Structures are given as C-alpha cells and as structure tokens.
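Asks: Which chain is which? The protein sequence lines are A and B, in order. One point on numbering: in this note's numbering, the residue at position 154 of the first sequence is 154, and numbering is uninterrupted. One point on numbering: in this note's numbering, the residue at position 44 of the second sequence is 44, and numbering is uninterrupted.
Be aware that a few hints might be false.
[Unchecked claim] Keeping only pairs whose Cα atoms sit at most 20 Å apart, straight-line, the calculated SDA-like set for lysine to any residue is:
#1 A:Lys-535 x B:Thr-530
#2 A:Lys-45 x A:Leu-97
#3 A:Lys-238 x B:Pro-425
#4 B:Lys-453 x A:Lys-238
#5 A:Lys-455 x A:Asn-466
[What the hints assert, rightly or not] Covered stretches of chain A (chain B as the covering partner; in silico rule of three or more C-beta atoms under 8 Å from a C-beta of chain B):
#6 238-244
#7 487-494
#8 572-581
#9 599-605
#10 678-687
#11 704-713
No lab work stands behind these hints: they were computed from the structure. Everything numeric in this text was worked out from a predicted model, so none of it was measured. Just so it is clear, CB atoms sit at the ideal spot from N, CA and C, and this is done for glycine as well.
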Amino acid sequence: MATTLTNQTPGPIPDGIEPADRRTSRTRPLFDPPIVRRALGDAFKKLDPRLEAKNPVMFVVWIGSVVTTLIFLASLVPAAGVSMGGWERAFTGQIALWLWFTVLFANFAEAIAEGRGKAQADELRKTRTTTRAKRMDKNGKIEEVSASSLRKGEIVFCTVGDVIPSDGTIIEGIASVDESAITGESAPVIREAGGDRSAVTGGTKVISDQLKIEITANPGETFIDRMISLVEGASRQKTPNEIALNILIAGLTIIFLLATVTLLPFALYNVGQAGSGSAPSITVLIALLVCLIPTTIGGLLSAIGIAGMDRVMQYNVLAMSGKAVEAAGDVDVLLLDKTGTITLGNRQAAEFLPLPGVDIAELADAAQLSSLADETPEGRSIVVLAKEKYNLRGRHLEENETEFIPFTAQTRMSGVNIPGSRVRKGAVQAVVEYVKQSGGTVPAELQEIADGISKMGGTPLAVVLNEKPLGIIYLKDIVKGGMRERFDHLRAMGIRTIMITGDNPLTAAAIAQEAGVDDFLAQAKPEDKMALIKKEQAEGRLVAMTGDGTNDAPALAQADVGVAMNSGTQAAKEAGNMVDLDSNPTKLIEIVEIGKQLLMTRGALTTFSIANDVAKYFAIIPAMFSTLYLLSGTAHGPLWALNIMQLHSPYSAVLASVIFNALIIIALIPVALRGVPYKPMGAAALLRRNLTVWGLFGILLPFPCIKLLDWAVVALHCAPAH
Amino acid sequence: MSAENFVQYAAFLLVVGLLVRPLGSYMAHVFDGGKTILDPILLPLERGIYKIGGVEAQSEMDWKQYSLSFIFFSFAGTIVLYTLLRLQNFLPWFDKIFQVTPMSLDLAMNTAISFATTSTWQAYGGENTMSYFSQLAGLTGQNFLAGASGLALGIAFIRGLARRDSNRLGSFWVDLTRATLWVLLPFSLIGSLILVWQGVPMNFLHYTSATGLEGGAQTIAQGPVAALELIKNLGTNGGGFFNANGAHPFENPTPLTNFIEMLAIVALPAALTFTFGRMIGRPRQGWVLFWVMTVMFTGGLFFCAGPEQQGNLTTIRTANLIPSATAGQPGGNMEGKETRFGIGASVLTAIVTSNGATGSTNSMHDSYMPLSGMAPLVNMLLGEMVFGGLGTGLYSIIMVALIGLFLAGLMVGRTPEYLGKQLGPTEIKLITLYTIAMPFTVLILTAIAVIAKPGLDGLTTNSGPHGFTEIFFAYSSCFANNGQAFAGLSVNSPFYNVTTAIAMIVGRFGLALPALALAGRFGRQGRRQTTSGTLPTDSLLFAGLLIGTAIIVVGLSFLPALALGPILEHLMVK
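Just need the whole structure built from these sequences, with the hints factored in.
Replies: Right, dumping it as structure tokens:
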C-alpha cells in the first residue's frame, strides 16, 4: 500500500474535514406538538394493568392509586362504613389524585420517547417502496412483479429513475444512486459490481446508468424494515444493563415495601404502649411507600433506553440492538483504519526534492509534465504544487505528438512521451529499475532522500527525465483536522486508539505520532486485524472497529462493537452490529459517547431517586407519628421534632412529598430524553461530578421543594395549616 | 470524650493496624499454598486428618459443592451439639445442683443452631445451664469449627475475585482444616495462656460456696473458662462461659484481658483485608477496605461514647450531678458498667463486639443512653461489615461496595465492574438477594414479635420504645450472627427460641449462599483491564462511596424502625 501510486477506485473527492456533528437530517425538537398530543393519549392507554405490570415499580404505584381511590370513594358512601373527617377525606382524595398523576407522568415519559421513534418510522415507511420490480428469469426475460414479492436470490434490473426494489448486491453494471431516502444525504454515490461498493439498499433510487442486482433479503427483512422496527421499538429488547438495574430497583422496592408494611405493627405496638396517638392510615402508608420506592428512575427507565437508541439514530447510525449501543460505552480500544478515517483518503504533494546538481525548477517542470494527464488526487496535487510554488501553468501539448503512459499495477509508473523527452514518475524502486534498463545510473542520494521521506511518514515518488533521475516528489498523508483533539478526548475517557495501516512501520509511526493515536498496526493484513482484536479481548478489553470491505466482515463480527459503513458490502453490514448511514468512520467516537451517556443517565437518575428519599423520610415519619406519646398541653408528640423542614401539618407534609414525587418525573423527562450532559474525562473526575450533581443535589433539592409545596398546599387550602 | 479514653482507642486501633500486615500475609500463605513457620508440626497432622476424613486435598470445588459441604458441616455440627446438650445430664461433669435450667427441646435447638452459625446467642445462662462437658466438648469445639468455616467462606469468596476463567473456589475441607490448625488453634493457645496469667480460671472444680463480707451466702461459679474465652472472641462467636459474659470477672478480670479479648475479635477480620489484597494481587484494594472499616469503627466509637459520657441530662440537672469525668468519679452514664472498665473500655467493647459479630459484651447495652445503645444496633444492621465476622465480614463489606459500585459505575458510563469483574443481571440478582435478606428477616420477625402475645410476654422489665428496641435488637443481633443481647428481654421461651433461630439461620446461610454463588460467577468471568475509564476502587472517592452506600442502605431500610425505637426514646428523655 505504501508504494501504490494511485487510487484506482473513482470516488467523491474528499470533502476535507468532516463535521463531527451531522445530526441535521433527523433532529426534531424535544417536545414536538404532534408527538406530545399522541403521547398524552398513550399515557392513559398505558394505564392498562397488563401493561403496567411489566414495570414493577410503577405497578406498585398503580395499585396504590387504585386502593386510595377506593378508600376515598368508600368514604363518600355512608353505607360503606368508612367515616372520615373533612380534612382526612380531602386529603385521601388528593393523595389518590396525585398517585394517578405519578403513574400518568411515567406513562407520558415512555410514550413521548416511543412517539419520537414512531414519528421516525412513519417517515421511513413513506420511503418504503411500493413500486414494481423488473425481475429477470434465467433466460434474461424481464417480468414486472410487485417489489414485496421478491425473494432472496432473484435477479432484478434497474435503470435510470427506478427505485431499487429491495436490498441486493450488484452483479453487473455501475451507476450513481441517490440514497437520501435512508441516509438523508442528497449527494449521489457510485455503486458498481464487484469490490466493496456493490451493495444497494431497497428504497434508494438509480439516477444514472443501469444495474443488474441480486436480491439479498426476503420481504420484511430488508434494511428499511429493520430500521422501522428498530426505531419503533417493536423489536426492543431490554439490555443486560437495563435488566440488572431493573432487578436492583425491584429489590429496593421490596425493601421499602417491607419497611412500610412493618411500620403498621410497629406503630400499633407503640400506640398500645403510649395510650395516645393513632396508627397511620392506609393512605399515609401508601403515600410513604410511593415516595420511597424509586419512582423517578422506575418511571423514566424505559424512556432513557428508547431515547438512547433515538440519539444514535439522530447521528444517522443504525444500531441493531440497544445492547450494541451500551457496549459502545464500554469500549476500551478503538481500531481505526488510517486511510479515510485518520488521514484524508489521498496523499498530497508537499515538496519537490531535487538530486544534487539538478535545478529544482527542472524537477518541478518534469513532475508537472508527468502529471498533467494524471487524474488521481495525487497527480492533481502535484500540478497544484507546481503551480503554487513555481508558478508553472498548465501548458498546451500537441495531441498527436503526446503519448500519455497510464499507471498500471505492473509498471507502477505513469508519465508522458513528448518529442525529445520521456518523463516518468513512480515508485522509487520501479523508477530505479526503469533507469537501469534505459542504461542510466542512479545516484545513491535518490534512495537516501526517499528513505528520509518514508521516515517522516510520507510517500516518495521518483521523477526521471529520459534516463536521468531528477529527484523526488514528497507525497504526504494529510491528517484530518481536529483528530488529535478527538484522540485526546478518547484518552481522557480511558479509550486507546490503534491505527491500522498497510504502510511500513516507519511511515506508520510518523503518522501515528502526528495524529496522536496511542498505537498502530503497520503492514496490516485482514488476518492481522483479527488477531489484534482477539489479543485485546483476551486481555480483557472491549474492542470497537469500523469496516466496509468483505474481508473486514470477520473482524467486524469478532469486535464487540462493529460499525459497518453503509457504503460497504452486504457481508460487512451483516457482520457488524451497527451501520453508519453516512459512512463516516470517525462517527464511532460519537457512538461511544452516546453509549456512555446512556449508562450515565440511568446511574444518575437512580442515584437521584434514592437520594430524594432522605428528605421524604424527614417529611413523612414525623407526620405519621405526630401525636404518638403526646404530653398533655402540647400539640405534637416527641417525633414531631424530626420535622426539620417545619412543615405545617401532617396532612400538608405528606401531600407535599407526594406532589414533589410526581412532579420530579415530569421535570426530569428532558434529562431522560437528552441524556445527562457529558464531557469526556477520566472515570474518577466524572464520578465526582455526577455524585455531586445527582447525589448531593438529590439529597438537598427536595428539602426546599417540599417546603415550598407545603406552603402552597396550605395557601391553596388543600391541607390544614396545623 | 476524656483524654484517657481517646488514648485507649488510639492505642487499640494502632495495635490492630500494626497486626494487619503480618497476620494478613500469614493467612495468605496458609490459604494460598505458601510456606509458614508452623508447617513442620502441622503438615503431618493435616495429612493425617485428610487420611481419616478421606479428603482429597488437591480436588477443588465449584461454588455449589463448596456451599453443600459448608451446609452439611454446619448441619452436622448442629445435630452433634443438640444431642450433646440434650444428653448432658448423662454425660460427665453434670452438676444437678447448679445446672438448674432445664435443657428443653427448643433451648437446645436454639443453642445448637446459634453455635453452628457463630451467633452464640445466649438464651441460656452459662453457669446454671451448661455442664463443664457441654462447655468444653460442645461449645468450645463449635467455637473453633464454626469460626473456621466462616474463615473458609471468606477465603473462597476472595478466590472468586482473584481467579479468572475458573469455576473452582478451593476445597471447603482443606480451608476448614487449615483455618483451624494454622490460624485458630495457635492464636487461641497463646491468648489463653495470657488470660490464665491474668487470672482467668482453667479448672474442673465444683462451684465454691462462700460467705460474702455482708454475711450473705454466695456461690462462686468457675470451670475451664480460659479454654473457651479466647476462641469465643477469635472465632467471632461470643457466647460467654457465664451469663454475664465479658462483664464477669472470671472471664475478663483486668483491663489487659479486655484489651486482648477485643484484639482477638478484630485482629483476624482486619488482617483479612490484607490477605484479600495479597491474594488478588492488588494490595491497595485491601488497604482501602481496612481504612473504610477503621473510619466507620471510629465513627461508631464517637457516636456511642458522646452520649454515654454526657449521661442523662434530666437526671444530672435534678440530682445535681457532675457529668464530666473528674479525679475519683467517671461522670456520664455508669449504669450497667463494670467499674474496672469504666465508660471508655465499655464503649470500646460495645463497638468492637457489635461490629465484630461477637456477643461478648462487658456492659449492659440496655442501660446505655438511647443514642449510645443505637450505635451497636446500627453496627449490626450495617451487616457486620466493619471488620465483621471472621471471614464473613470481608464479603459483607464487599457486598455493600458492589451496590454502590453498580450505581457509580453507571455514572461513569460503563458497565459497572469491581476488580475487572462485571456486574451483570445475574450478579445484581445475587447482590439484591443478599441485601434484602436482612430487612426481610429482621423487620418481619420484629413486626410479629411486637404484636404477638408470646413476643410481648418477653418484655418483662421494659415497655414503650425501649421495649421495642430490645426486640428489634434481639432479631438484628441474631441475624447478624452476633449474639449479643440488649438484655432486658426474656428470650428463653419457645416463641423466641424458634424465631431467633430462624433469624440466625437466614443470617448465616441466606447470606453465605448468595456470596458463594457470586464468587462462583466472578471466578468464571475473565478480568477486564483497568484503564483511566475504569472507576478506581482503591481511592478516597471509593472509600467515601462505600461509607455513603452503607449508611444509605441501612438508613432507607431501617430508619422507620429506628425512629420508633431509640430515636423516639432519645426525644422522650431529652
């Protein structure tokens, strides 16, 4: 690879530095009115106990809502025998109401996350093809059939203006294809038979030439079908981490259930011993239970997961499962191909280095001459350099007297023959051979200069005029802008980047240093990549990589996170667990960040949820036992001393806590959908930050909030002042 | 806190700290196939034992086999002790004049279970129930064996974390034998000799009848006390030879014996943190656990000593007492304490025994100020994670750490892990099971006892929140396999004998099995590499996280119960 002269595959000219943030096509506001409207309706539909039972925490709240409602209703019917004072009845009714709100808020959070996915799916459905397909039989006869009847292995024919009916591999032809339906990118791409750009996706459109395509997906299994089911959450499975967290919060719920249920006998004992006070009512016990169990995370957990997938989608990456996104957060090692990922796809001429005794202008002139017909980016960059540095303009060559010699893999040289001179440029070894065959001599300096360039990470091209070597063109790998900073970020997150390149170790080392990667694998063959992945995994690291070629497929499958480029082969796309629709390898970095953010959001909200309980205990425990061991002449018993927030009355304290508990779910929906803010930094610093924000703040925040709500419920005459 | 007490506490912690490395390193050698100084004497003995027992020393067990061996061994020990106790009237050294408490079916069952689980809860009074033979062959024997099996559990747990891609945790029989021969026997031999020197009796004489100075008749109980005394602490058992346990002058005659007995409780569990660090190849990970334990231990000391030295302010005001210590009087609350120990050594013992899963108290916790009395209660509710039971204390603290690490791990954006072992659904299931066991058992049993008549019948001396605390304390102590009593509760009744036995069984096996299963899971995992993206678990931040998690878990589970017990009582006497 180091000595290959030109890149034979036609491709779009690299667009320079690719923007890190390409979430243009699929971004929508957090609370899109139609989505919100639909979610409001869904929130009520989700009150179905069969749906609620899937979420143990919210199901407990649901049962609590039903029980308190029944108690309230019974108190309205004199025959039911539930007698209550005015305030107690109002209190029970309000608790029941707020418990229903708690359930509805959680349902709403989930519905809005799902709604965003559904809206996306609707858009995709529009693009799903309903056109007819031109199916070819064995004899080449074309027959019009419905696209949805196509099976794997059948051959179809597509020409200009046709929508490709299903996923497939091009077996004949080359064409430009508009893939904006799935990628959102309007610039067409070249698709051709053979090689790494042979895959086409159903729903995309041929805009030039024609193709013969072998279908590779059965109906319902196409790429778009998979995309729809993924964003809709239809095939959403709980990830291992989500399951683990669910177990933990279910465990916490059981502990709080025990603490609350046993509180009744404990209270009965003390009331019996004290001869004063009364055992807490069922309503108050339910209120305490609902406040203690982690409703915040319980209500938002599924929304977090759905929103995480949605965020990945907004980056135009299709994750095959939530598990893959989570695994991305765990990645320790990132394998990045040098070309196209770290460096721009092509080398550029940086300098002309003449041999001793050769004028630099002469070298520049010969170099330009040899490259005039060279349409490769390298060739063009030589012409540009000659123009910019030596002011050599393009010249007119007599067509009938000029013979251009194109590059071939055998000669590894290109050039031009004009009357009186033969100019060649090419790999140093090839040029040396050429000179020797022509009877010229090669000065030792030529090899010295070439070696010097290799050491700097460049590619030397020797230039020869007739039999006389003139010097060397220094072709340089251009590292993309901003890569060093990104690798620094990754390092801060604890992720090591390894550059994979076919270059020799010297060149590789120089580029690795310039780009700031941690390590490199030089002269890499596909099997070396595989071996490296296995070695890293054996040492206990999780590996992520990107790839597009067929020979990347085994490595993509072996890696813990394999991101296939949408431009790549079908094999690569099937082997990886994500597909990048923009085919931008550096996107892996964003995927890692989203994965981390997903886990962080879960951890932060769980911590917040538990931290909130401290204040709730201080509100409800004194309220429950405010009259226990009451001494004559005092309004409250000794445990009222724990009412450190100085809440008005037992009723107002419990009510304020329940209202806080419900409202906090609504308040945190944006966090659940967007994820907690994340900046790349080391684990210890990150934990310190999140513990402060979500732990410490989670302990402190409810105190003023409950106090404020207590004041409000009394001011609005929802609870007594004493 | 007076300067004397402060010096005493500092000296104690200093000695413990100095012992951690040598003892820990010794234990690592014992259980990890290293050489020790005692090998020439003990190796032939060990081989003999394996030959008789038919143990293949080289064949290791997976977690299921290890658990089954442990359960089988504990069950066998229970049956043997039960039989021995029921038949003690026919066995040597039974004195029907003094052993007046009948060894009923439920008392024998409760005692047998309590000694097999290292709880050594004393529903009986030693001197008026147990014959010398029962004390020696039964109780002392079980003190060794149950203690050693606890140590084996701890070692197996460490192996799970230390190993990778292996489902073997070691051989229970080998660990049990080595724990007994290399660790418990030599240390209790040395310790017992010091105790004898300090005046602890070791004889088989009849109780002495004497006439006191006031002319009253007195029976002075005695016996082979020294043999039991040290191992009861070293094995973190704690059941005393006499009813008064560590307060009895024959068990604990001098401040020096008190110091040594307290050291015997803490030294090995503390040193096990070093063994842990050594066996997993990361010494700092062990030290951070030791420091967390020390900080929480010190916190408990201050929490307990403060109100004790302050005393009951109401009484002090009305009776015009001097609350602070002056020359000639200790000040504070001396009720229920031995004058030879004073507030300082009594509080130290309360904190050591309550943290160390050992019941050998030397003062009446029932008589402590409400908040001081809450200190040992909270220590037990923490799950004996501060030093804790021999062997079991180590997994207790790690289990708490794992809960904190799960949330903290998420907050750094990675699948949570500890020492490169990931916490997936199955791991969390086991950790949750472990964590629920205590609130489940203690809260439900307490709830039953405070409303059921046989439960309330036990409240023969106290009522109100204090009575509630007594019952709550009893079940917490039994579940924690601690065995110390708050006192004041009459527990030798079928109701309490059965319910406390349930608490002891769940507290031993309901925790050991999830812990071993988790060790098995960990052992089978590979090990993730540490990067700067890994949450460090040997840092101050981790220590803080661990302490915070412990407090929050206990607070969330037990705050309502504590509020209706000691906190309510405190607010009432204030």
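Asks: Next, verify each hint and record whether it holds.
Replies: Results of checking the hints against the structure:
1. Among the hinted pairs, A:Lys-535 with B:Thr-530 is consistent with the structure: their alpha-carbon atoms are about 16 Å apart, no more than 20 Å.
2. The suggested pairing of A:Lys-45 with A:Leu-97 holds, with an alpha-carbon distance near 17 Å, which does not exceed 20 Å.
3. As the CA atoms of A:Lys-238 and B:Pro-425 are separated by approximately 11 Å, the hinted pair is consistent with the 20 Å bound.
4. Using a Cα cut-off of 20 Å, the hinted pair B:Lys-453 and A:Lys-238 is violated, with the two alpha carbons roughly 48 Å apart.
5. Taking the CA atoms of A:Lys-455 and A:Asn-466, the gap is about 28 Å. The hint is violated against a cut of 20 Å.
6. Look at the region 238-244 of chain A against chain B: 4 of its residues bring a Cβ nearer than 8 Å to a Cβ of that chain, three or more, so the hint holds.
7. Requiring three or more residues with a Cβ within less than 8 Å of a Cβ of chain B, the coverage given for the region 487-494 of chain A holds, as 4 such residues are present.
8. For the region 572-581 of chain A, the assignment as covered by chain B is violated, since 0 residues bring a beta-carbon within under 8 Å of that chain's beta-carbons and 3 are needed.
9. Counting residues of the region 599-605 of chain A whose C-beta lies closer than 8 Å to any C-beta of chain B gives 5; at least three are required, and the coverage claim holds.
10. A stretch counts as covered by a chain when three or more of its residues have a beta carbon under 8 Å from one of that chain; for the region 678-687 of chain A and chain B the count is 6, and the coverage holds.
11. Remark: the region 704-713 of chain A is not confirmed as covered by chain B, as 0 of its residues place a Cβ nearer than 8 Å to a Cβ of that chain, below the required three.
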